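Novice: As a plain string of letters, each chain reads:
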Amino acid sequence: GEDVEQSLFLSVREGDSSVINCTYTDSSSTYLYWYKQEPGAGLQLLTYIFSNMDMKQDQRLTVLLNKKDKHLSLRIADTQTGDSAIYFCAESKVDSNYQLIWGAGTKLIIKP
Amino acid sequence: DAGVTQSPTHLIKTRGQQVTLRCSPKSGHDTVSWYQQALGQGPQFIFQYYEEEERQRGNFPDRFSGHQFPNYSSELNVNALLLGDSALYLCASSRTGYMNTEAFFGQGTRLTVV
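Protein sequence lines correspond, in order, to chains R and C. When you number the first sequence by my numbering, it's gap-free, plus one each residue, and the end is 112. When you number the second sequence by my numbering, it's gap-free, plus one each residue, and the end is 1114.
Keep in mind that a hint or two might mislead.
Stated by the list, open to error - Pair ranges (Cβ atoms, derived):
{"id": "1", "chain 1": "C", "residue 1": "Gln1041", "chain 2": "R", "residue 2": "Val19", "range": "18 to 26 Å"}
{"id": "2", "chain 1": "R", "residue 1": "Asp69", "chain 2": "C", "residue 2": "Thr1096", "range": "15 to 23 Å"}
{"id": "3", "chain 1": "R", "residue 1": "Lys68", "chain 2": "C", "residue 2": "Gly1016", "range": "49 to 57 Å"}
{"id": "4", "chain 1": "R", "residue 1": "Lys56", "chain 2": "C", "residue 2": "Gln1017", "range": "29 to 37 Å"}
{"id": "5", "chain 1": "C", "residue 1": "Ala1002", "chain 2": "R", "residue 2": "Arg60", "range": "24 to 32 Å"}
{"id": "6", "chain 1": "R", "residue 1": "Arg60", "chain 2": "C", "residue 2": "Asn1079", "range": "39 to 47 Å"}
{"id": "7", "chain 1": "C", "residue 1": "Gln1041", "chain 2": "R", "residue 2": "Leu61", "range": "39 to 47 Å"}
{"id": "8", "chain 1": "C", "residue 1": "Gly1040", "chain 2": "R", "residue 2": "Leu61", "range": "20 to 28 Å"}
{"id": "9", "chain 1": "C", "residue 1": "Thr1020", "chain 2": "R", "residue 2": "Asp54", "range": "25 to 33 Å"}
{"id": "10", "chain 1": "R", "residue 1": "Asp3", "chain 2": "C", "residue 2": "Gly1003", "range": "29 to 37 Å"}
{"id": "11", "chain 1": "R", "residue 1": "Gly82", "chain 2": "C", "residue 2": "Gly1003", "range": "16 to 24 Å"}
Everything labelled a hint here was simulated from the structure, so no lab data went into it. Predicted model only: the values in this text are computed from it and were never measured. Quick reminder that beta carbons are idealized off the backbone N, C-alpha and C, glycines included.
So that you can see chain C by itself, here it is in the shape it has in the complex:
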């Protein structure tokens, strides 16, 4: 079992561009959560997907959107990139109904906006 895998590992984009980050959950997991971790800070919850729908959302603008596919993998899309969007983006997978003792994190995608 490969655990949670995220791609790409690193990405450089220009202000105003759009980016798509990808996440494959751990086998047996059906829920995917996305977090943004700015340098020197703790992760901030962006949103959570279950059954291909956004179930819960943190305090992020509509520029941040996502998708979950029937195989439970997920994408995070960010439009109109700002310099402040530079961060490590973490994906966590879990089984719905289980608390975070069942959540596993990927290694993240480091996004740099220039």
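Isolated chain R (complex conformation):
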């Protein structure tokens, strides 16, 4: 089946690291993505990882993939107020023309 699950909220202090978690059930997923949605804005692709990778790092962002447990995480180092947003995990497969299956999103709240 296709189902992506995320926690609804995460609260962190400014300057700390944020870790947003996601689980998926379709082991044939080919690509996994993290998108950011700010109020009044469209969805912005942050980063993605191929299913045959374990980790990907891009500046303050680190993506970890545990394919055995079907667990994906996004770590944001040195979290800033500008990181406040909803973060969506999504998966897609080549044989579905990369149709995206989305989680419900995790709202990241930054405490001063």
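Given the structure of chain R, go ahead and fit chain C onto it with the hints provided.
Specialist: Only chain C this time, still in chain R's reference frame:
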């Protein structure tokens, strides 16, 4: 390059009415996908258009239909509106054959059905 543009930004309709939403893809993109995002939820795939044809469809009733024009722009039509159709409708454009690292989203159309 204006990116993906959607119109209108907000819309209020009455139950039973029909609505048309519009999307202009990013320059160089030939594929348009439509998503429905209900409040507090992730987007749900409605359908995808390529070469003026519906290539793929999600689990949405026939009340939801679309069109793609020769210039790659697209319309989403919803007939017989229900209160449950209230949502943010997102358009994403991409180049066919490319994975979603190439997909760009518009800011969406907020549809409210009363």
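Novice: Hints first: check each against the structure and report whether it holds.
Specialist: Each hint tested on the structure:
no. : hint                              : verdict
1   : C:Gln1041 <-> R:Val19: 18 to 26 Å : 22 Å, holds
2   : R:Asp69 <-> C:Thr1096: 15 to 23 Å : 33 Å, violated
3   : R:Lys68 <-> C:Gly1016: 49 to 57 Å : 50 Å, holds
4   : R:Lys56 <-> C:Gln1017: 29 to 37 Å : 46 Å, violated
5   : C:Ala1002 <-> R:Arg60: 24 to 32 Å : 29 Å, holds
6   : R:Arg60 <-> C:Asn1079: 39 to 47 Å : 46 Å, holds
7   : C:Gln1041 <-> R:Leu61: 39 to 47 Å : 24 Å, violated
8   : C:Gly1040 <-> R:Leu61: 20 to 28 Å : 25 Å, holds
9   : C:Thr1020 <-> R:Asp54: 25 to 33 Å : 45 Å, violated
10  : R:Asp3 <-> C:Gly1003: 29 to 37 Å  : 31 Å, holds
11  : R:Gly82 <-> C:Gly1003: 16 to 24 Å : 20 Å, holds
When the structure is compared with the earlier hints, violations turn up for hints 2, 4, 7 and 9 and for no others.
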